[in-house]
Each structure stands twice: as structure tokens, then as C-alpha cells.
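Put chain H on the given structure of chain C with help from the hints.
If you read the sequences in order, they're chains C and H. Quick note on numbering: the numbering used here labels position 107 of the first sequence as 117, and the sequence is numbered without any gaps. Quick note on numbering: the numbering used here labels position 109 of the second sequence as 217, and the sequence is numbered without any gaps.
Calculated directly from the structure, the hints in this document are not laboratory data. A quick note: this is a predicted structure, and the numbers were derived from the prediction, not measured. Incorrect hints may appear among the rest.
[Unchecked claim] Result set (DSS-like, lysine-lysine): computed pairs, CA atoms no more than 27 Å apart in a straight line:
(1) K24(C) - K51(C)
(2) K74(C) - K150(H)
(3) K24(C) - K150(H)
(4) K217(H) - K150(H)
(5) K76(C) - K150(H)
(6) K51(C) - K76(C)
(7) K74(C) - K30(C)
(8) K164(H) - K175(H)
(9) K74(C) - K51(C)
(10) K30(C) - K65(C)
(11) K24(C) - K74(C)
(12) K150(H) - K164(H)
(13) K51(C) - K217(H)
(14) K30(C) - K51(C)
(15) K150(H) - K30(C)
(16) K175(H) - K74(C)
(17) K30(C) - K76(C)
(18) K76(C) - K24(C)
[Unchecked claim] Here are the in silico distance ranges between beta carbons for each label pair:
(19) Q139(H) - L36(C): 26 to 32 Å
(20) E153(H) - Q70(C): 23 to 29 Å
(21) E123(H) - E97(C): 23 to 29 Å
(22) K76(C) - I126(H): 41 to 47 Å
(23) S15(C) - S148(H): 17 to 23 Å
(24) T67(C) - G162(H): 32 to 38 Å
(25) N115(H) - G71(C): 22 to 28 Å
(26) S15(C) - R185(H): 28 to 34 Å
(27) K24(C) - E153(H): 28 to 34 Å
(28) P96(C) - D135(H): 32 to 38 Å
(29) P96(C) - Y147(H): 36 to 42 Å
Yeah, the Cβ is synthetic: ideal placement off N, Cα and C, and Gly gets one too.
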Amino acid sequence: GAVVSQHPSWVICKSGTSVKIECRSLDFQATTMFWYRQFPKQSLMLMATSNEGSKATYEQGVEKDKFLINHASLTLSTLTVTSAHPEDSSFYICSARASGLAGAGEQFFGPGTRLTVL
Amino acid sequence: QKEVEQNSGPLSVPEGAIASLNCTYSDRVSQSFFWYRQYSGKSPELIMSIYSNGDKEDGRFTAQLNKASQYVSLLIRDSQPSDSATYLCAVKGAGNMLTFGGGTRLMVKP
Numbered sequence: 011g012a013v014v015s016q017h018p019s020w021v022i023c024k025s026g027t028s029v030k031i032e033c034r035s036l037d038f039q040a041t042t043m044f045w046y047r048q049f050p051k052q053s054l055m056l057m058a059t060s061n062e063g064s065k066a067t068y069e070q071g072v073e074k075d076k077f078l079i080n081h082a083s084l085t086l087s088t089l090t091v092t093s094a095h096p097e098d099s100s101f102y103i104c105s106a107r108a109s110g111l112a113g114a115g116e117q118f119f120g121p122g123t124r125l126t127v128l
Numbered sequence: 109q110k111e112v113e114q115n116s117g118p119l120s121v122p123e124g125a126i127a128s129l130n131c132t133y134s135d136r137v138s139q140s141f142f143w144y145r146q147y148s149g150k151s152p153e154l155i156m157s158i159y160s161n162g163d164k165e166d167g168r169f170t171a172q173l174n175k176a177s178q179y180v181s182l183l184i185r186d187s188q189p190s191d192s193a194t195y196l197c198a199v200k201g202a203g204n205m206l207t208f209g210g211g212t213r214l215m216v217k218p
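The following block holds chain C by itself, in its conformation from the complex:
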């Protein structure tokens, strides 16, 4: 159980284009999903917290107009990188926190999406 998928797993795009990344919880409902970014040899950096049916909460320094997050259902959140530039090239990872289950809110990570902007 507690499987999170991401699509696509990798994407290469031209500078100026937009890229949409999907994050799905496959076997549980997730009222909260998180989007992280990780540059090579660096730690995870939380970008935003996404709550189903409401606006995402962005971390300081993350442009909400550039990184659009939609969490329209309990199993799907999307991150759209708008007008991508080479400096946006990174490993984007989502995680989901299960709702309604026993435990203390473990987060389960998707496999990540590697974005390369040329």
C-alpha cells in the first residue's frame, strides 16, 4: 500500500515552454500533497504544500505564478512549471500524506520527475 506515482518520470523541454507534472496516490486518499525540488548533491527543498480543494501554500522564495499547483481531487495533484528556463532543471518529487489512516502522518514519495530545460 501507500504507492505514489508521478508522470512523466523525465522530460526535456525547450526554454520558454510549460511542463506539467502529475502526482497520484494510487491506493489511498491524500488530502495533503507536497512538492519538493532537489538539485544534484543537495537536500530536498520543499516548494509548496497542496491541500485538496484549496490554494497551495508556497515556501518562501518559490514563485507561485511560475510553479502552478492544482490539487483537484484526493488522489491527484499537478505541478506546472510555466515558461521554464535552464535554471529550473531539477529533480521534482511529490509526496502524499495519507488521510484517515492510523499513524502519525508518514509521507510517501513519488519516484520523481527529472526536468531538463534546454
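Chain H alone, transformed into the frame defined by chain C:
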């Protein structure tokens, strides 16, 4: 000061030895503690969670928690080369958010 601190390593241990990974945290009201393993180029994978003081064992892994000292550790017995990865300590505080440490890179040499 970082909220969750880990030595970045690399921590190098020979195959078969015990690897000891340490983590300290600053938020005294933290209640839940997690260890994630991240292989290079992959996303983190939850391997252990611990909520109360003491030891929790799962196979070759033992998590140890000392809330008074604000310290949590992960022991890996009989280390294998396949254990070579970055280990992330994560702490859930009062705000219900997970805060990650910077990770410790473990290298197990055959």
C-alpha cells in the same frame, strides 16, 4: 540554526559492520520521527518511523529516540554494499509538517 541536523558524511563502513547514523532536532514538541533512504537519482523511501523513547527494531535496522536529548539515530547491522545511499532524518513538529535534515551519505565498502 537548522531545525534538523545531520552530518553530511560520507560515513564509510566495511561490509558486515554496524553503521550508525545520527540526527538532532531543535523543536522540543516534535512527536514523530522518520528515517528515509535515498539512492542516487531516486526519490526517498521510508524505512523506519519512531514515536516514543527507546529502540525500535525492524530487521537489520534499529531506530533509537531520546526526546530529552532531542536525538534520533539509525543503526544498520550487518551493513551491505546495497545499503550505500543517503539517509534522511525527518521530524514532524507541532505544525504537522515534516522537516528534513540534509542527509548523511553512507558508503559500505565490500
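Hints and how they fare:
1. K24(C) - K51(C): The given pair, whose Cα atoms are some 24 Å apart, holds under the 27 Å limit.
2. K74(C) - K150(H): Answer holds: K74(C) to K150(H) is near 26 Å, not above 27 Å.
3. K24(C) - K150(H): 24 Å, holds
4. K217(H) - K150(H): 21 Å, holds
5. K76(C) - K150(H): 25 Å, holds
6. K51(C) - K76(C): Cα-Cα ~24 Å, so holds.
7. K74(C) - K30(C): 14 Å, holds
8. K164(H) - K175(H): 14 Å, holds
9. K74(C) - K51(C): Holds. K74(C) to K51(C) sits at ~25 Å (cutoff 27 Å).
10. K30(C) - K65(C): 17 Å, holds
11. K24(C) - K74(C): 21 Å, holds
12. K150(H) - K164(H): 26 Å, holds
13. K51(C) - K217(H): At roughly 20 Å apart (the allowed maximum being 27 Å), K217(H) and K51(C) satisfy the hint.
14. K30(C) - K51(C): 24 Å, holds
15. K150(H) - K30(C): 20 Å, holds
16. K175(H) - K74(C): 37 Å, violated
17. K30(C) - K76(C): Judged against 27 Å, a Cα distance of about 12 Å means the pair holds.
18. K76(C) - K24(C): Roughly 16 Å separates the two Cα atoms, so the pair holds.
19. Q139(H) - L36(C): 26 to 32 Å: Cβ of Q139(H) to Cβ of L36(C): about 28 Å, so the range 26 to 32 Å holds.
20. E153(H) - Q70(C): 23 to 29 Å: Holds, at about 28 Å.
21. E123(H) - E97(C): 23 to 29 Å: 40 Å Cβ-Cβ, so the 23 to 29 Å window is violated.
22. K76(C) - I126(H): 41 to 47 Å: 46 Å, holds
23. S15(C) - S148(H): 17 to 23 Å: 21 Å, holds
24. T67(C) - G162(H): 32 to 38 Å: For T67(C) and G162(H) the Cβ distance comes to about 35 Å; the hint holds.
25. N115(H) - G71(C): 22 to 28 Å: 26 Å, holds
26. S15(C) - R185(H): 28 to 34 Å: 33 Å, holds
27. K24(C) - E153(H): 28 to 34 Å: Because 33 Å falls inside the window, the suggested range holds.
28. P96(C) - D135(H): 32 to 38 Å: This hint holds: roughly 37 Å between Cβ atoms.
29. P96(C) - Y147(H): 36 to 42 Å: 26 Å, violated
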